[in-house]
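*Asks:* One-letter residues, chain by chain:
There are 2 protein chains.
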Amino acid sequence: MRRFVVIGQKASASAEFSLDDLPGSSGRLDVLLRCVRAALLVSHGVRKDTVVYLVLLGGAAAPRALRVDGSIAEYLRPDERSLARTVQKVLATAGEGPSFAVRSDGFALAEGGLDAVLADLGTFTPYVLDEAGPDVRGVQVEEGDPVFFVGDHAGLDETARAALARLHARHVSVGPVSLHADDAIAVVSNELDRRRAGRPGYA
Amino acid sequence: MRRFVVIGQKASASAEFSLDDLPGSSGRLDVLLRCVRAALLVSHGVRKDTVVYLVLLGGAAAPRALRVDGSIAEYLRPDERSLARTVQKVLATAGEGPSFAVRSDGFALAEGGLDAVLADLGTFTPYVLDEAGPDVRGVQVEEGDPVFFVGDHAGLDETARAALARLHARHVSVGPVSLHADDAIAVVSNELDRRRAGRPGYA
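These protein sequences, in sequence, are chains S and G.
Mapping of the first sequence onto this note's numbering: residues 8 to 210, in sequence order.
Mapping of the second sequence onto this note's numbering: residues 8 to 210, in sequence order.
In case anyone wonders, no lab produced these hints; they're calculated from the structure.
Please note that a few of the clues may not be correct.
Selected chain S positions facing chain G (Cβ under 8 Å, derived; list incomplete) [said to hold, decoys possible]:
1. P30
2. D37
3. L48
4. I79
5. E81
6. L83
7. E87
8. R88
9. V148
10. E150
11. P153
12. H187
13. A193
14. N197
15. R201
Label-pair ranges, simulated between beta-carbon atoms [what the hints assert, rightly or not]:
16. S78/S with G151/G: 40 to 48 Å
17. G145/G with A22/S: 44 to 52 Å
18. D122/G with A126/S: 42 to 50 Å
19. G151/G with K96/S: 43 to 51 Å
Some chain S residues close to chain G (C-beta under 8 Å, calculated; not the full set) [stated by the list, open to error]:
20. A45
21. S50
22. V194
Keep in mind the model is a prediction, meaning the values are calculated, not measured.
Note that the Cβ used here is the ideal one computed from N, Cα and C, for glycine as well.
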């Protein structure tokens, strides 16, 4: 299983945003939605072995977290507006506390932030996507339960950095250019695809 | 310079589509817009050395083509709706024939399809992103003027395949899993970034 945790420092934890102006009204939830697509969708299908968490730290309803589970998501669409509409519907419901409660089509909601996600992850090996880390191509990523933590357009906040440091998360980069979070996820996913397939070309 | 040509078999060549339903009303222009973002935008900036062409083969106004030039695009935004709004405005204007005419912020329009793009490309070395091709990590990509041709969600049509065969375009793949076009572009861009930076980890 592969898991990605995307932390949105100001991403709306409530349904109070406009589908007509996601960047301006949702605390850049659009950045996180693009990460959902990059992590979960491939040509004509969903990555069944992948789970994405979105940590929503923006607005009065924060912190809340969403989980999107590729193994049960069937109708996930790639365009931002469709994803935003689904997320908006889920956020309009009440959570059931810090444990994730399934809402629809692979989406689950928790009333809690990074702590709720960490509790849900169970056993895992943490990695942080960080342009200052060593190149992922040279890093031995655990086959079993790697979890990749990613910041939004503003990076990772101090609280998240401290929590990840306590977990002894390993920092890895994806190359010499600082990429959008969704592109970084695409590159990491490709690297893991290659390793699983036993392809040459990585350290 | 890096250039990408994305061919949209049914992507709207006119402004007659709804921003509220891009996938359903634009012939999947959303797929092409995501390619524009992946090719041109990085963290807090535009790739100045990159140009993207969109070949629009859908609707009565087809064929038309758009060119987005990173060296002069200043206000490019990453979200699909903003990109779609910009494209819609450009498509609402009349082109000036098969040569590209600059419209706004790096966008230019031509009244022609793949032929108009090929004429504009000048000297180049053609590559086709194709899951059946050899792995790009093992391919010597020309430093000078590589141009990568990419299909949309439906792949490349026979006409495009024939034209690219006449150019002796080399087919390259990006790994063992068939990816969305924008993710394939992200992976290729990352590979080229690494080569330019002289990083290890590629053949």
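*Asks:* Next, verify each hint and record whether it holds.
*Replies:* Verification of the hints:
A least Cβ separation of about 5 Å between P30/S and chain G falls short of the 8 Å threshold, and the interface hint therefore holds. With 8 Å as the threshold, the beta carbon of D37/S comes within range of chain G, its nearest partner Cβ sitting at about 4 Å, so the hint holds. At its closest, the beta carbon of L48/S sits 6 Å from a beta carbon of chain G; the interface hint therefore holds under the 8 Å criterion. Taking 8 Å as the C-beta contact cut-off toward chain G, the hint placing I79/S at the interface is violated, the least distance being around 20 Å.
At about 17 Å, the closest approach between the beta carbon of E81/S and any beta carbon in chain G exceeds 8 Å, and the interface hint on this residue is violated. Annotation: interface hint on L83/S violated; nearest CB of chain G at approximately 12 Å, more than 8 Å. At its closest, the beta carbon of E87/S sits 5 Å from a beta carbon of chain G; the interface hint therefore holds under the 8 Å criterion. For R88/S, the suggested interface contact is upheld, since its CB lies about 7 Å from the closest CB of chain G, less than 8 Å.
The closest approach between the C-beta of V148/S and any C-beta of chain G is roughly 14 Å, which is over the 8 Å cut-off, so the hint fails. Annotation: interface hint on E150/S violated; nearest CB of chain G at approximately 16 Å, more than 8 Å. Residue-level restraint check for P153/S is violated (minimum Cβ-Cβ distance to chain G is 17 Å; threshold 8 Å). With its C-beta approaching chain G no nearer than about 6 Å, H187/S sits inside the 8 Å limit, and its interface hint holds.
Because the beta carbon of A193/S sits about 4 Å from the nearest beta carbon in chain G, less than 8 Å, this interface hint is met. Interface restraint check: N197/S against chain G, minimum CB-CB distance 5 Å, threshold 8 Å, status holds. With a cut of 8 Å, the hint placing R201/S at the interface with chain G holds, because the nearest CB-to-CB distance is about 5 Å. Between S78/S and G151/G the Cβ separation comes to about 45 Å, which falls inside the hinted range of 40 to 48 Å.
A hinted range of 44 to 52 Å holds for the C-beta pair G145/G and A22/S, which are about 48 Å apart. Take D122/G and A126/S: their Cβ atoms lie about 58 Å apart, and the range 42 to 50 Å is violated. In this structure the hint that G151/G and K96/S lie 43 to 51 Å apart at CB holds, the actual value being about 50 Å. A hinted interface residue such as A45/S counts as satisfied when its beta carbon comes closer than 8 Å to some beta carbon of chain G; here the least separation is about 6 Å, so the hint holds.
This hint holds: S50/S has a C-beta 4 Å from the nearest C-beta of chain G, less than the 8 Å allowed. Taking 8 Å as the C-beta contact cut-off toward chain G, the hint placing V194/S at the interface holds, the least distance being around 5 Å.
The structure fails to meet hints 4, 5, 6, 9, 10, 11, 18 from the earlier list, while all remaining hints are met.
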